[in-house]
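Given these sequences and hints, build the entire structure.
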Amino acid sequence: MATRIRSMRVALREHLEKLKTPGKWEHITQQIGMFSFLGLTRMYLH
1 MATRIRSMRV ALREHLEKLK TPGKWEHITQ QIGMFSFLGL TRMYLH
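For the sequence shown, position 35 matches number 35 in UniProt numbering, and the numbering has no gaps at all.
Derived from the structure by calculation, the hints contain no laboratory data. The C-beta atom is built at its ideal place from N, Cα and C for all residues, glycine as well. Accuracy of the hints is not assured; some may be wrong.
Label pairs and their computed distance ranges (CB to CB) [said to hold, decoys possible]:
| hint | residue 1 | residue 2 | range |
| --- | --- | --- | --- |
| 1 | R42 | T3 | 30 to 38 Å |
| 2 | H46 | T3 | 28 to 36 Å |
| 3 | K18 | G39 | 27 to 35 Å |
Rendered as structure tokens:
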């Protein structure tokens, strides 16, 4: 399960960077555990 979580985080970070989404996304792949803080503001939440 840990491998799957890591691979999903890497994929998310790569996709955000590919889309040139504003912000720094390295924290997504540096976090450990089942939960991850994305650092999104209310403006980005629908």
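Do the hints match the structure? See the list:
1. The hint said 30 to 38 Å for the Cβ distance between R42 and T3, and at roughly 33 Å that hint holds.
2. Range check, H46 to T3: Cβ separation about 31 Å, and the 28 to 36 Å hint holds.
3. Here the CB-CB span from K18 to G39 is close to 18 Å, at odds with the stated 27 to 35 Å.
Violation of the numbered hints given earlier is confined to hint 3; every other hint is satisfied by the structure.
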